[in-house]
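As given, the protein sequences belong to chains A and B, one line each in that order. Okay, so the first sequence: first residue is 2 according to this note's numbering, each after it adds one. Okay, so the second sequence: first residue is 9 according to this note's numbering, each after it adds one.
Source of the hints: derived by calculation from the structure; they are not laboratory data. Be aware that one or more of the hints could be misleading.
[Unchecked claim] Some chain A residues near chain B, calculated using beta-carbon distances under 7 Å:
1. R217
2. S219
3. L221
4. H223
5. G269
6. K302
7. R307
8. G314
9. N315
10. S322
11. G323
12. I324
13. L378
14. G381
[Claimed, not checked] Listed next, the in silico EDC-like pairs over lysine to aspartate or glutamate satisfying Cα-Cα at most 20 Å (straight line):
15. B/K15 to B/D251
16. A/K228 to A/D408
17. A/K302 to B/D247
18. B/K205 to B/E187
19. A/K220 to A/D408
20. B/K261 to B/D40
21. B/K181 to B/D97
22. B/K264 to B/E250
23. B/K27 to B/D45
24. B/K154 to B/D111
25. A/K302 to B/D111
26. A/K220 to B/E79
27. A/K302 to B/E206
28. A/K220 to B/E124
29. B/K27 to B/E85
30. B/K261 to B/D247
31. B/K15 to B/D45
32. B/K143 to A/D29
33. A/K220 to B/D133
34. B/K15 to B/E187
35. B/K264 to B/D251
36. B/K153 to A/D224
37. B/K27 to B/D111
38. B/K86 to B/D133
39. A/K302 to B/E140
40. B/K86 to B/D76
All values derive from a computational prediction rather than experimental measurement. Built from N, CA and C at the ideal position, the CB exists for glycine as well.
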Amino acid sequence: MSDSTSGQASSAGRSGPNRSFFSQLELDLRLLGMIGAFLLICILFNIMTGGQFLTPRNLFNLTIQTVSVAIMATGMVFIIVTRHIDLAVGSLLATCSAVMAMMQTAWLPDILGIPLGSPWLAILAIIFGILVGGIIGGFQGYLVGFLGIPAFIVTLGGLLVWRNVAWYLTNGQTIGPLNETFQLFGGINGTLGASSSWIVGLIAAAAAVLALVSGRRSKLRHDFPVKPIWAEFVVGGIFVAAILGFIAILNAYEVPSRVLERQFEARGETVPEGFTASYGLPISVLLLIAVAIVMTVVARKTRFGRYIFATGGNPDAAELSGINTRMLTVKVFALMGVLVAIAGLVASSRLTFHSNDIGTLDELRVIAAAVIGGTALAGGVGTIYGAILGALIMQSLQSGMAMVGVDAPLQNIVVGSVLVAAVLIDIIYRRRVEG
Amino acid sequence: MAETKQKIDRSGTPLVAMKNISIAFGGVQAVDDVSIDVYPGEVVGLLGHNGAGKSTLIKILAGAYRMDSGEIWINGEKADIRSPAGARDYNIETIYQTLALADNLDASANLFLGREITTSLGLVDDSAMEAETRKIMHRLNPNFKKFSVPVSALSGGQRQSVAIARAVYFDAKIVIMDEPTAALGVHETEMVAEIIKELKAQGLGIVLISHDTREMMALCDRVSVMKNGALVGTEHVEDVTEDDILSMIILGKNPKREAA
Ligand SMILES: Nc1ncnc2c1ncn2[C@@H]1O[C@H](COP(=O)(O)OP(=O)(O)OP(=O)(O)O)[C@@H](O)[C@H]1O
Ligand SMILES: [Mg+2]
Numbered sequence: 002m003s004d005s006t007s008g009q010a011s012s013a014g015r016s017g018p019n020r021s022f023f024s025q026l027e028l029d030l031r032l033l034g035m036i037g038a039f040l041l042i043c044i045l046f047n048i049m050t051g052g053q054f055l056t057p058r059n060l061f062n063l064t065i066q067t068v069s070v071a072i073m074a075t076g077m078v079f080i081i082v083t084r085h086i087d088l089a090v091g092s093l094l095a096t097c098s099a100v101m102a103m104m105q106t107a108w109l110p111d112i113l114g115i116p117l118g119s120p121w122l123a124i125l126a127i128i129f130g131i132l133v134g135g136i137i138g139g140f141q142g143y144l145v146g147f148l149g150i151p152a153f154i155v156t157l158g159g160l161l162v163w164r165n166v167a168w169y170l171t172n173g174q175t176i177g178p179l180n181e182t183f184q185l186f187g188g189i190n191g192t193l194g195a196s197s198s199w200i201v202g203l204i205a206a207a208a209a210v211l212a213l214v215s216g217r218r219s220k221l222r223h224d225f226p227v228k229p230i231w232a233e234f235v236v237g238g239i240f241v242a243a244i245l246g247f248i249a250i251l252n253a254y255e256v257p258s259r260v261l262e263r264q265f266e267a268r269g270e271t272v273p274e275g276f277t278a279s280y281g282l283p284i285s286v287l288l289l290i291a292v293a294i295v296m297t298v299v300a301r302k303t304r305f306g307r308y309i310f311a312t313g314g315n316p317d318a319a320e321l322s323g324i325n326t327r328m329l330t331v332k333v334f335a336l337m338g339v340l341v342a343i344a345g346l347v348a349s350s351r352l353t354f355h356s357n358d359i360g361t362l363d364e365l366r367v368i369a370a371a372v373i374g375g376t377a378l379a380g381g382v383g384t385i386y387g388a389i390l391g392a393l394i395m396q397s398l399q400s401g402m403a404m405v406g407v408d409a410p411l412q413n414i415v416v417g418s419v420l421v422a423a424v425l426i427d428i429i430y431r432r433r434v435e436g
Numbered sequence: 009m010a011e012t013k014q015k016i017d018r019s020g021t022p023l024v025a026m027k028n029i030s031i032a033f034g035g036v037q038a039v040d041d042v043s044i045d046v047y048p049g050e051v052v053g054l055l056g057h058n059g060a061g062k063s064t065l066i067k068i069l070a071g072a073y074r075m076d077s078g079e080i081w082i083n084g085e086k087a088d089i090r091s092p093a094g095a096r097d098y099n100i101e102t103i104y105q106t107l108a109l110a111d112n113l114d115a116s117a118n119l120f121l122g123r124e125i126t127t128s129l130g131l132v133d134d135s136a137m138e139a140e141t142r143k144i145m146h147r148l149n150p151n152f153k154k155f156s157v158p159v160s161a162l163s164g165g166q167r168q169s170v171a172i173a174r175a176v177y178f179d180a181k182i183v184i185m186d187e188p189t190a191a192l193g194v195h196e197t198e199m200v201a202e203i204i205k206e207l208k209a210q211g212l213g214i215v216l217i218s219h220d221t222r223e224m225m226a227l228c229d230r231v232s233v234m235k236n237g238a239l240v241g242t243e244h245v246e247d248v249t250e251d252d253i254l255s256m257i258i259l260g261k262n263p264k265r266e267a268a
């Protein structure tokens, strides 16, 4: 049995007895490094805060705080892979957030007469906000791709323009409270509860296993080398454990009793003896997972994604292969705009209102997340999961410093330095790997 | 030299005819009123100094540049080539001097770039493409094993074979090769020569650019020499010697014709 599998593998010439345990797993070294860095940060802050960092409550908050930047970071991967940059995401987020806030609190109720509190307000506001994000993003992409203005300049201008367009839309006012349906996407006000979270977790775990199985099948069908079967089991086990562990942590965060009392009171009931409830998986996190899956499929399995990476690797070769790189630029920036709008939805609904300074400095966080996650500024290289992990690392640094009581200015100094250091580490890493 | 060369039938319409092509970049007249044609089964060589305009001329045929004036006729019909994709629609395939590979992608992604095999869901089918790539590489370069690494990790010759595979995989009728052997060792150069002969036997038309006059005499049926963007002349290889070609390149004229 085991002989036949190992014989097959070595005849394919990929695995020999002298290959190490880790190389047989075929895990990404860089990914392991990032996970290691993340764990290190967590453990360090946990010690410094006397065990306050690694609590279900804090991990829950860390997760929902990461979502908005993480969603944008997935789009920034494509931007940077095609050798561009987008400095306007934070400001565009403010414009999209302002549009969505004004839609649901003023424009739709005033013009269409939709009553406040109607779920339609949220739905229409979200659709319109995403449309606005996509169009503005596409417009910036047009300036870059067709008119040849460097993305750095277009989006540096955009940084100023969209921040102040947002100001004009709201007259500089804070707009809120936002529609209740809208607020479901913010985090704590929209969670699945314990049992639904477990169901989602189990479905995700099953999907991960299925993906591994079908990947192996497809390789075997074409007689390509595959990793040993035990390695598949180890990798599958890690996936399943990570997914279910994540759900367990989120479910361990219970709704505080005074919040429960208020909820029951609103329905004219009292909390039964010994009743507890978990928040579970936030809808915003579900949204991030959906974005991550879609973006990963786009990156790896669609022509559009293939052309993004080809263009980043060698723009001339892409063009000579018949790829319309100008239109590609428009599409990539439009996609970024759509993701910024979705991030604006999450960010404003987490706050429960639109504020003037929403998204400020997000461009820095988003670019840092993508770069820490392994997106090469030279173009052509980057992963979606890396960017999300990068966002998580940035957010845990910032939250941790806040919990430890580091001054806000010093926090920013650290974040800025980490960005520069991450690029340096990236350069050194690439030199070693690529020789 | 011209020992056992098959006679090319030039009585019909040429596979491709470029007529009076001109293009300028700023003040530089890179190609100046050049005409060449290629018949089925024929290899036409382009020779000339660095900067003579060879690559520019073939890039017009490949759709990478738009000519300022001139006409391209394919199979007796006037063709309108506006883009690299447009050239491919006429079954023109090109191996560029720069190879034009996306370094960060693997061999099969490069081979199928712009023409990916997709599944019924419209997603790219990497396994199918890799399987096809393995097949064609097995034919072109049996030693090629590096299918799952970015082409940046390949040697010059291996990269070249990827570029060649891309040009011959898609049922080309006209293949343009801009210095296909420049980066190759003796053995690999021989391999390219074999491929050219095979394509020729299949009735394809080939435009070959090289600085190696001897190689050109051996592989081509006719050679066209360019100098400073203009065409010096086109000769059947059996009518000229290597020295004649060299003086056409260097002096810009054919001593035999001058004498006649
Ligand atoms: N994109 C471009 N922009 C401006 N000038 C160009 C461009 N492409 C080519 N040229 C000019 O056109 C002329 C012909 O160049 P081309 O590349 O066709 O030469 P070549 O015969 O292929 O030379 P080599 O043997 O070195 O490859 C040169 O003077 C070159 O500088
Ligand atoms: Mg050239």
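So, going through the hints one by one against the coordinates:
At a threshold of 7 Å, the smallest CB-CB gap from A/R217 to chain B is about 11 Å, leaving the interface hint violated. Checking A/S219 against chain B by beta carbon gives a least distance of about 5 Å; that is within 7 Å, so the hint holds. Against a cut-off of 7 Å between C-beta atoms, the interface hint on A/L221 is violated, since the closest Cβ of chain B lies about 10 Å away. Below 7 Å, beta-carbon pairs count as interface contacts, and A/H223 has one with chain B at about 5 Å; its hint therefore holds.
For A/G269, the shortest C-beta to C-beta distance to chain B is roughly 51 Å, which exceeds 7 Å, and the interface hint is violated. The closest approach between the C-beta of A/K302 and any C-beta of chain B is roughly 4 Å, which is under the 7 Å cut-off, so the hint is satisfied. Because the beta carbon of A/R307 sits about 6 Å from the nearest beta carbon in chain B, less than 7 Å, this interface hint is met. Given hint, A/G314 at the interface with chain B, holds; its Cβ is 4 Å from that chain's nearest Cβ, closer than 7 Å.
Interface restraint check for A/N315: the shortest CB-CB distance to chain B comes to about 5 Å, inside 7 Å, so the restraint holds. This hint holds: A/S322 has a C-beta 4 Å from the nearest C-beta of chain B, less than the 7 Å allowed. Because the beta carbon of A/G323 sits about 3 Å from the nearest beta carbon in chain B, less than 7 Å, this interface hint is met. For A/I324, the interface hint holds, the least distance from its beta-carbon to any beta-carbon of chain B being 6 Å, beneath 7 Å.
Annotation: A/L378 was flagged as interfacial toward chain B, and the flag is violated, the nearest CB pair being 14 Å apart, outside 7 Å. Among the interface hints, the one on A/G381 holds; its C-beta lies about 4 Å from the nearest C-beta in chain B, closer than the 7 Å criterion. Between B/K15 and B/D251 the CA atoms are separated by roughly 23 Å; this puts the pair beyond 20 Å, and the hint is violated. The suggested pairing of A/K228 with A/D408 is violated, with an alpha-carbon distance near 49 Å, which exceeds 20 Å.
Among the hinted pairs, A/K302 with B/D247 is inconsistent with the structure: their alpha-carbon atoms are about 54 Å apart, more than 20 Å. In summary, the hint linking B/K205 to B/E187 is supported, as the alpha carbons are separated by about 16 Å, within the 20 Å threshold. Pair hint A/K220 plus A/D408 does not hold up; C-alpha atoms about 53 Å apart against a cutoff of 20 Å. Taking the CA atoms of B/K261 and B/D40, the gap is about 16 Å. The hint holds against a cut of 20 Å.
Distance check on the hinted pair: B/K181 and B/D97 sit about 11 Å apart at the alpha-carbon level, within 20 Å; holds. Of the supplied pair hints, the one linking B/K264 and B/E250 holds, its CA atoms being roughly 12 Å apart against a limit of 20 Å. At roughly 8 Å between alpha-carbon atoms, B/K27 and B/D45 fall within 20 Å of each other, so this suggested pair holds. Using a Cα cut-off of 20 Å, the hinted pair B/K154 and B/D111 holds, with the two alpha carbons roughly 13 Å apart.
Between A/K302 and B/D111 the alpha-carbon distance is near 19 Å, which keeps this suggested pair within the 20 Å criterion. Distance hint between A/K220 and B/E79 is unfulfilled; the C-alpha atoms sit about 48 Å from each other, more than 20 Å. The hinted pair formed by A/K302 and B/E206 fails the criterion: a straight-line CA distance of about 35 Å is larger than 20 Å. Between A/K220 and B/E124, the direct Cα distance comes to roughly 18 Å. Compliance with the 20 Å bound is thereby established for this hinted pair.
Taking the CA atoms of B/K27 and B/E85, the gap is near 12 Å; set against the 20 Å cutoff, the hint holds. Note on B/K261 and B/D247: the hinted pairing holds, with a Cα-Cα distance of about 15 Å set against a maximum of 20 Å. For the suggested pair B/K15 and B/D45, the alpha carbons sit about 16 Å apart, so the restraint of at most 20 Å is met. The straight-line distance between the Cα atoms of B/K143 and A/D29 is roughly 29 Å, outside the 20 Å bound, and the hint therefore fails.
The straight-line distance between the Cα atoms of A/K220 and B/D133 is roughly 12 Å, inside the 20 Å bound, and the hint therefore holds. Restraint check: the Cα-Cα separation between B/K15 and B/E187 comes to about 25 Å, which exceeds 20 Å; the hinted pair is violated. Only pairs whose Cα atoms come within 20 Å are accepted, and B/K264 paired with B/D251 is accepted, the gap being roughly 11 Å. Between the alpha carbons of B/K153 and A/D224 the distance comes to roughly 14 Å, so the proposed pair stays at or under 20 Å and holds.
Restraint check for B/K27 and B/D111: the C-alpha separation of about 35 Å exceeds 20 Å, so the hint is violated. Restraint check: the Cα-Cα separation between B/K86 and B/D133 comes to about 36 Å, which exceeds 20 Å; the hinted pair is violated. Only pairs whose Cα atoms come within 20 Å are accepted, and A/K302 paired with B/E140 is accepted, the gap being roughly 17 Å. The straight-line distance between the Cα atoms of B/K86 and B/D76 is roughly 16 Å, inside the 20 Å bound, and the hint therefore holds.
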